[in-house]
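In terms of the numbering used here, the sequence shown opens at residue 6 and continues consecutively.
These aren't lab readings, by the way, just hints derived from the structure by calculation. The structure displayed is predicted, hence computed values, not measured ones. Ideal placement from N, C-alpha and C gives every residue a C-beta, glycine not left out. Honestly, I wouldn't trust all of these hints.
No more than 25 Å apart at the CA atoms, straight line, and that leaves these computed lysine-lysine pairs for PhoX-like [claimed, not checked]:
hint : residue 1 : residue 2
1    : 53        : 118
2    : 53        : 63
3    : 118       : 101
4    : 7         : 53
5    : 104       : 63
6    : 7         : 63
7    : 63        : 101
8    : 53        : 104
9    : 37        : 7
10   : 118       : 104
Estimated spans, in silico, between C-beta atoms of each pair [stated by the list, open to error]:
hint : residue 1 : residue 2 : range
11   : 96        : 142       : 19 to 25 Å
12   : 60        : 86        : 26 to 32 Å
13   : 51        : 88        : 20 to 26 Å
14   : 96        : 119       : 25 to 31 Å
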Amino acid sequence: LKTVERPRAIAAIAEARSHGDLSENAEYDAAKERQGFVEGRIQEVEGKLANAQVIDPKLLDADGRCVFGATLDLDDQESGARVSYQIVGEDEADIKAGKISINSPIARALIGKFAGDIAEVQAPGGVREYEILAVRYV
Numbered sequence: 006l007k008t009v010e011r012p013r014a015i016a017a018i019a020e021a022r023s024h025g026d027l028s029e030n031a032e033y034d035a036a037k038e039r040q041g042f043v044e045g046r047i048q049e050v051e052g053k054l055a056n057a058q059v060i061d062p063k064l065l066d067a068d069g070r071c072v073f074g075a076t077l078d079l080d081d082q083e084s085g086a087r088v089s090y091q092i093v094g095e096d097e098a099d100i101k102a103g104k105i106s107i108n109s110p111i112a113r114a115l116i117g118k119f120a121g122d123i124a125e126v127q128a129p130g131g132v133r134e135y136e137i138l139a140v141r142y143v
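All chains, please: the whole structure from these sequences, using the hints.
Here it is as structure tokens:
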């Protein structure tokens, strides 16, 4: 953002300015709006980086409890399907890779539970139940 998008936005503003009267210059207005968006994204990313913490799941000592960073083996009580998910931050979530956001309904239902517990998850299609088969810190 800082090395590509910001200079590109500044160049677009300079180009639009060279076309004269700024009061009726839609190109200038669009370039300024784009610059505002880029600056907002830069601030958002810098804020996340400033508050980020690296958590090594192998170093967690949660006594078998489902916590942020844990990998959980689950049994879908309705379908019998077995799935494995790691609870991660919002920006890392990727359901296809087995990584679910700490803010997702399923993660919220699992946090604090232990192997052998049943978690009830409010899903769009109704309540789903998952048995926690294992809690791993890998």
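How the hints compare with the structure:
no.	hint	in the structure
1	53 / 118	violated, 28 Å
2	53 / 63	holds, 23 Å
3	118 / 101	holds, 23 Å
4	7 / 53	holds, 15 Å
5	104 / 63	holds, 16 Å
6	7 / 63	violated, 35 Å
7	63 / 101	holds, 22 Å
8	53 / 104	holds, 19 Å
9	37 / 7	holds, 16 Å
10	118 / 104	holds, 18 Å
11	96 / 142: 19 to 25 Å	holds, 21 Å
12	60 / 86: 26 to 32 Å	holds, 28 Å
13	51 / 88: 20 to 26 Å	violated, 35 Å
14	96 / 119: 25 to 31 Å	holds, 28 Å
When each numbered hint is compared with the structure, violations occur for hints 1, 6 and 13.
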